[in-house]
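Residue numbers (my numbering), protein chains in the order written: chain Z, 1 to 166; chain L, 1 to 688; chain C, 1 to 122.
Hints are computed from structural coordinates only; laboratory data are not their basis.
Don't take each hint at face value.
Partner residues are not named here, just some residues of chain Z that face chain L (Cβ under 7 Å, in silico) [as the list claims (entries may be wrong)]:
no.	residue
1	Val48
2	Gly56
3	Val58
Remember, predicted model here, so these are calculated numbers, not experimental data.
Just so you know, even glycine gets a beta-carbon here, dropped at the ideal spot from N, CA and C.
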Amino acid sequence: MSAGETMTGMNALTIRLQDEMFALEATHVREILDPVPITRVPNAGDFVGGLINVRGSVVPLADLRVSFGMQRPPADADTRIVVMEIDLDGEPLVAGILADKVYDVTDITAASIEDAPKVGMRWPAEYVRGIGRRGEDFVIIPDMNRIIRAEGDRNSSLASTERTDR
Amino acid sequence: MSELDPAEVFRQEAADLIETLEQALLDLEKRPDDSELVGLAFRALHTLKGSGAMFGFTAVSEFIHEFETAFDRVRKGEATADRRLIAAALEARDHVAQLIDDPDCDPERGTAILSALKAAVCEGAGVETGASEHLAAPIVETGSAQPVAAGWHVCFRLPADALILGTNPLLLLDELRSLGPCDVTADTSALPPIDFIEPQSCYLSWDVTLKAGVSREAVDDVFLFVRDDMELSIEAIASESPVAAAIMAPVIAETTTVIEAAQPMAAASEASAPKPKAAAASSDRANAAKSERNATLRVPAERLDELMDRVGELVIAQARLSQLAEAIHDPSLVNVAEEIERLTASLRDTTMGTRMVPIGTLFGRFRRLVHDLSEELGKPISFVTEGEDTELDKTVIEQLADPLVHLIRNSIDHGMEPPEKRAETGKAATGTLRLAASHRGAEVAITVSDDGAGLNAERIRRRAEEAGLLSVGQVISEGELNRMIFQPGFSTASEVTALSGRGVGMDVVKKTIDGLRGSIDVDTTPGKGTTVTLRLPLTLAIIDGLLVRVGEDRYTIPLAAVEECLELPTGVAADGRGRSFLNLRGDLVPFLKLRDLFHTEGEVDPYQKVVVVSSDNTRVGLVVDQIIGNNQTVIKQLSRLHSGVKTFSGATILGDGTVALILDVMHLVAYGQKLEERRRAETLGRAA
Amino acid sequence: MSKTILMVDDSASVRQMVGMTLKQAGYSVVEACDGQEALQKATANRVDAVITDLNMPGMDGLTFIRQYRASPASSGVPIVFLTTESDEGLKAQAKQAGATGWMVKPFKPDQLLAIMRKVAGA
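Isolated chain Z, as found in the complex (with noise of 0.2 Å):
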């Protein structure tokens, strides 16, 4: 996040991604699924590579851990899906995150976020907004339209068919 600009607390959905615990707004979250089956889209990168049916809707799944580097083991017992709705320049988007865990809804104090670190992180410093604490953890505040928005870039730059042309 930019220099002056201070986060306020926030209402929070916590997750765990690999090894790390993220916190959603909670306020955004529509609801929290079991894995259902997904649709490979081709050519559409690992970020946003799948579709879901939620309710009758056809909704784009992200997964965040592709924007932070990790590994990305298959589903387990522990897997859900979270159905969030994104303001992304105006427009709602609705979609699928998905979570190696769900944790609880919690609130994260402003008094406890700090800024992200600008070296020293293991992840792409833009993308995360502040690092909260809840308790002796740590909590990654993504920052979820940068995200969404560059890798949605990223996506229309590469997957036209010309890429399948190497």
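Chains L and C: place on chain Z using the hints.
Relative to the frame of chain Z, chains L and C by itself:
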């Protein structure tokens, strides 16, 4: 409705009124004496003016006021709706439309249009339209200013039928009281004996002393609606003399009782109105009359889209139910499932029907275009439309506007010969442009035909060769050659006239029609004319699809694009890059192995199938593992996250609830074509 | 009990504006878009006042006023007509037909309310 922004409601309504006005003006040109048309145009202006002023579109209503004043001369038979007047009125109509969008736009132009209009209505008669009266007529006609008096002495008697006609004397008295303290005396001398009293008649008169220094107008205003028919005297009281007050004093007591007496009388008049019986009978009558009228309802488009989505979900849920019912084999469940299936199908059809709009709404817009082009190019044209009732999905209709403008423009600009030339070739001086629509199966065909010179094959070939769209001497079919006019880059600058030169060419037509999954055909006879036929699917929301399997994944191909299905002959070598060619009855058809294109893993079916699809008369084979069968496909748009994925035009939800992608045939064909060109280039390269 | 006003105009925007203004002032409003519909609604329900445009497709305002006045249901019900022109002839015709008062378009909400208070009371 009430939560909508009033200005927006006005804009919507204004658009309709402007349309009505335009149609009336265009019809009027043909039938200048038709007073009904004049009335129609006048009414449209009138309503626009009135509501415009109320919703703050002052510039609009001021302009229309002048417009209306000029046009009123036509209504009164003082001017004729000749061509000049219609032309001026049409320009004024355009200006109104502009003013609604931007109230500050071009006031000079507005003035110029109005003077042209005035000149047109005054032509010959030599009558000068004087400066018209100020628009915002005040609600109260103000008299000359008078010195404010200390008070007023008001005497009034209402006509006998005043109560029946809705005038309530109590309200008049209340209003006088609201101006200041009043002494009221009722004069009961005209009351007949009780047996002769008509309960609804007004026999009383009143004498009021208003003790307040209000203006004469304010007092006048109380009687605004009744003063023409009543006895009324209003006299100023110069100063309150003690004598007058003394005279008044004893009267006051009497006053109140009389007023109280008047109350039940008014109540009686209400009660005496027979309600239920008459109401029932007349409401039946009115209902019958109402059902004859075509009642319509304005519904926001997104609500229809939502409804369509819900129905789409229902179709999917119903498919799942049918599948389950079949698996469980319970006859009563199967019965219910079948009934639900029937209901769903009819609900789907009804819903799709609500999105259908008669194409006449679109055709109407072109009359103006033809009129203007005909004037400007000096080519008299009779414009004929057919099949206005033909219905198409609203979104399709909206997108058709631009392509049709180009086709019509092209026909008139390039197809139609000037009248002299037509005379030479023995044709009627007036050309005919026909715009027609009709249903053909699951498609709608829209034709634009002219009786002009026809396309010149030689010139098209020359231009196509110049533009590099065609290699010199290349053999192509007549249809293909004619369709060249829709290729981007075909239209050259030298050909652009003032009218067609808007920086967009006929390629817009092709692009739009392709986007709507439609097709274009051109039929031309030199010297006789040209017909362009657009074929469009009825709806964009639900299509028939062919479900196929590639590896573990299932995909849907729009059935309309499928030409044939065959087994992939063994021994046809793929080159490992997902492309190769198939000899289809002598034609070399490129085929794409979807497994390779989609990086599909898993076992390859030993008997691969080819689905031959076509777009724009070009074919490409799609190699799949299995052809599963036909299915009803509710099209769901892909989200913005997948906007870059061009191979798929959308997705659908299958009976088992999984999502299947819909192949974008146009894109795949274009891709196949590119491969074909590359192969040719490579072959040539090797030969060199 | 609030007074019921029947509003007759072919322009949806005028109906909306009048409707909103009157409802805010505590009146109930019934709408009709031409004379035919107005006649049906005015005779099927008891209304306390009628506001009608004169210039309408189908049955125009004058015809509506005449036919409504021919019905006993109209007894004592004030009818206010809307007019854009200050055409005295038309005004006279409408009064002849049985109108109680008139209102010159365009009008502002408070003018409308003043007229309604005048003919129908608060």
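Taking the hints in turn, this is what the structure says about them:
{"no.": "1", "hint": "Val48", "verdict": "5 Å, holds"}
{"no.": "2", "hint": "Gly56", "verdict": "3 Å, holds"}
{"no.": "3", "hint": "Val58", "verdict": "4 Å, holds"}
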